[in-house]
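K.L.:
So the protein lines, in turn, are chains S and E. Position 87 of the first sequence, counted from 1, bears residue number 221 in my numbering, the numbering being contiguous throughout. Position 104 of the second sequence, counted from 1, bears residue number 1498 in my numbering, the numbering being contiguous throughout.
Just so you know, nobody snuck in bad clues.
Heads up, incomplete: computed chain E residues facing chain S, CB under 8 Å, no partners named:
(1) 1753
(2) 1784
(3) 1801
(4) 1803
Calculated directly from the structure, the hints in this document are not laboratory data. Just so you know, even glycine gets a beta-carbon here, dropped at the ideal spot from N, CA and C.
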Amino acid sequence: MSATETDQMAELEQLRARVAALEAELAEQAARTERIVAEAQERAYWLDRWHLDLNTLMRKPGAAEARALVRAVRYVVRGLKKVKRTLIRRS
Amino acid sequence: MSRVSVVIPVKDGERYLAELLDALARERADEVLVIDSGSTDGSLTIARAATGVELLEIPPQDFGHGRTRNLGAERTSGELICFLTQDATPAPGWLEALHAGFALDERVGAVFGPHLPREDTSPAIARELDDHFARFAPDGEPALQRTGDPTFLSNVNAAYRRACWEEIRFRDVPYAEDQAFGADMLAAGWIKAYHPGAAVLHAHDYGAVEFMRRYFDEYRGLRATTGHVEAFHPLGALRTVRAETAADLRWMRAQGRPAGERARWAARAPVHHGGRRVFSALGSRAERLPAPLRERFSLERRDDAGGLAGATPVPPPAGRRHEPHGERELYADAAQVLRDGPAELLDAIPGTPERGRLRLALVVPPWRRGSGGHNTLFQLLSRLERRGHVCSVWVHDEVGEIDDLWPAVLRQQINDWFAPFDGPVYKGFRDWHGADVAMATGWQTVHPALLLDNTRARAYIVNDHEPEFFPTSTEGHLAADTYRHGMHCIAASPWLRDLVAERYGASADAFQLGVDHAVYAPRADVARRRDTVVYYARHSTDRRAVPIGLQALAELHRRRPETRIVLFGTDRPPRTSFPYEHCDVLSGPQLAALYNDATVGLCLSLTNFSLMPKEMLACGLPCVELAGVSAESIFGADGGPLALAPLDPMRLAAAIERLLDDPAQWERRSRAGIDFVASHTWDVATDQVETGLRHALRERELATLATSRQQ
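Looking at chain E on its own, in the form it has when it is part of the complex:
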């Protein structure tokens, strides 16, 4: 076992010194050094009388908390150097626990233990000690602290490995040399250990005023060593005093202290805690006070500014420590894919692409009611399931958006808000059990899907060109990266298919968004109005160009104040310069009724053509869309059932106005719309997606074949 030296700086410490030295004899310390800096009480006599204790006397002016301890370490020879203050009495088992602390790891450079209150310790200090040390070992077991952990260390009761002390040494600071050592050693890569068994009885049993002056000294020292400046807000301080007093009284009750004692403390506690707040704030701003005042406030009668007087040098900023919020960084899956590549796919089994029943796993980001992309996905999945495929939904919640929603609730939401689904819903991939095809959907699901193992093929249902949703950003880059990992893309329009194939070299199929004709159809029972424009004003979706759409409607209102304008698709009514009716987020049947009632629909998309205009067309409602984006790839330059206009409020307003004023054009586009979407059903879309999934499997089969031929 390592040899142990104990160093005790003393000045007028007769009250507990004999008890302390007796305890050290009981604990069998190998070497004890008392350094006295000018005691005038019986301390010297006690030290001289004790057996096996070496006494070193130094002039009071030579004392320094760091300097004197360095001297003590130099004058002793133990492999472990323990420092105790003159009023800290080791509890039985103290030395054994310190040894155990050092044995936890060879890089443990210091071990410290708790300070137990003495019987006469004031309740505030006793509770504070209890709470303070309980934090280091919540389970009551010894704990290790490394770089980034709390740097707390106290020379009231701490032991150091000599090699660590030699490397770090105590700073020559007037106060808080132990805290500085704690920070320095962790920064140097040493480990600190807390052992609950290495306890000492210790108390600063001062009167209320002495306490305040003690805090002044402590915080002046802390400012000098760590740069800490104690915040002070009068109202906050009052709240803290009230809370601390209540906590003291609760603690006293739990300790079984009599009611009379509790009542006495209730009267004294506000003075104690209030004084603490004020004097700790003053101590950490000591350099702003005049020297005589500093001397008066100091228990040690020191008038210095803790090394900050004069030019007031700025200490290195001490940041506030934040505890981890989660187990992983944002987009950790993407980082893993970029670092290690995707997980290996299973070898293809001949015949799988043609098999009737496939195991399909749909990986989706969290949704909200009214989410168009999710509607598409669940319409497709619902039909794939009805065709006999084994379907499951896997929700990847990157930022904890839906932490409060459990799987059964998510499953019910799919059924209530989107489409019937009988399969299970999983949150995260803890229960991942493989699939024939793992289908990524939103860009944020692609990298997690690439890491899924036990999978035969991967496909990517591309609802839109998502890199365009972001400005220059991490998200934009990662969204673009999703097309570059060899996933077979199944894009929600020919325009989108061509884009991912040409720009990213991805293999791709296309499907046409379907329309639920049971819901969206012309209704003979609704008399269509001739003065109503309905606008999908979902301003939370940037690609919908809502500010331009609203400008177009403002212009329309200026030209035709009598035209009725109805906005829908958002639960937050946008602020406009014109009057309108607002309809929130509507259900399918409500939308169908609205489209049958209206004269012209307005729905803009700056990227892929969306489902909304198709549903308007299915109800016989001609619609205005943006020219020059994706609609022409479906409808041709004339727009067919759509009136196309550039991203210009005046021209959009003119296109709406023409449809309102020209019955022949209105009739032609209305009829063309009904004819066009007649063949666009979810069943047809599901056929196309199923073909795409089988293509993904076939591509995998060909890749496996090519690999086996090479071998």
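Just chain S, with the same shape it has in the complex:
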């Protein structure tokens, strides 16, 4: 085998190894992506079961107001709890 042929073979081997590495990388990326989608589906089970698309729901008129109301109620409740805790501590 001539030196040129040996070089070509070596280059071919290198390229093959590179392709294999890229393929392995692609498979790894695919595995990661599919895992992320599957985990999202795991979390979204009850939303899907009840046909709830929260993005669509929150775009509906009144959704932002309802959310603000919940936040306001939560703020008041937390404030009251804080006051209660302070009073208990002092007593």
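Got chain S; can you put chain E on it based on the hints?
P.N.:
Same frame as chain S, but now just chain E:
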């Protein structure tokens, strides 16, 4: 800008005529022609006094809705011809909007605009006008209508391109010449445009009785021009009257009409809507009424039958329009494959068939609980996933069977009903992102899988010879076509492998259906009964030959009334001539308990040998199956653990009876069954399928090599 002529047929129209002509002057129409057919009020004076208005007088008997408008078009010269009725006053911007409508497309032959109610228009008519015209432009923008779209067109307010009118012309009909023109022009390939800005103030402000007579005329005309016959059912009419009245009152409330006015209309509305239903039905059947009655009912005092009197010629049927139900036709993917061929596969990369981790995409049809084919597929996929392959499931729902099930729910169903699966589930192929091997499964998934790009190879997990599931039909033909596109088949038995290879020339491997031995095994804690036959009576699956199976059991019952018969595998108990116990669709452990309790199993398949008998055998339950189909390819002529019998109720009953009566045969077949299925595990099946998948990749590699050598 195109020159515009306006034609207004008039008869006793003094009430709005001056206002109309003033509006036309404001809109700067190039030419205005009033055609009067015998007015006796001040119409003629008004027309003569108006500047730039030409007046043409014709005898009343010469008037015809189509004929007179054709005359008006002939007597004018504008490139656009507008027709208005004598009580339609253009709103500001009317003419500009008509021009804009014609500018939408050079094939626009007619433009029409909305009719706005006047202040004194009755609520029913005002609401109807609102609703009617809102439908043409739901987003408030101009809209084009082509062949197949609604043909509505109204000469109360419409404009025509002269070239279109010259080609179509108005029919010489007593009424509804505009509707006929609308249908004719769309059929001829012209486009119709609706422009919300091209509005006129218009009202038919009649009393209740006049309204009814007007409807009589309208529907008599519609029948003559389009063949429409208004349906009439007394109860339906009552319901419509109630709904229309309620809609009027809602509309009045939304318009801020005072309560007193609403109350007055609530009293009048039923008369209006009821009269409309009755008189429109009568109008479209005018030819059945005597002429004097027709004259009395007609607002125009016409006693004709709308051209249908005498021989009552049958008009061309006017079908009911149906809106599209989906974006595509059934089996559109198959049509695309047959037309354009499959999508190109990616070139093979040397070494892929041997690679440890493959990206595998399983394309499946929708499933139901208890689906045997899906159980096989998910058992295999679950194990392929555990071996490190990157697996995903793609559900192809051709007919919207599972529209209400979202992906996360489908994924959970796989885990609950079939086998553990950690990967994602996709509905449809919108998110398709490629795979090393795309695996088609049911016949309906093959053509969609053939269209998937960014894929290195395709394989076809063949659970059964599905063309046999159908009579002569589209489905049967397409199912047979699935084996002819070069997909490497991985068949669920040697019999099936040989069949697809010999009959269709497909390359094929085989796998043996596995048994979950952790579930299906003989149980020492269950004392087996000696008088029980269990039958897989899934009558929704035709290939299970359930009617023959039930006949066999009827015969068995006749011979041995004391034998206990248990049916399972379906949630709908079949109707039989013999008593039985019914067990619905059972889970794996429940089935195993049933098989350990029973004496003989009966499970028939007219095509490929199925998993059910294997699971019975694994529990030590001898089983009766059909001879001459596929079981012999696995068990030999004797059937080994199976008692084989032809598709004959008497002989099937005899085979069951022999197993019940002959303990030696029962023992021999029971033991042979346990021994036989011992090596049939899902792990072995997965080995065989994985080998088949790698064969598919290798075939692709060889094909790529052959192509590159040719080049």
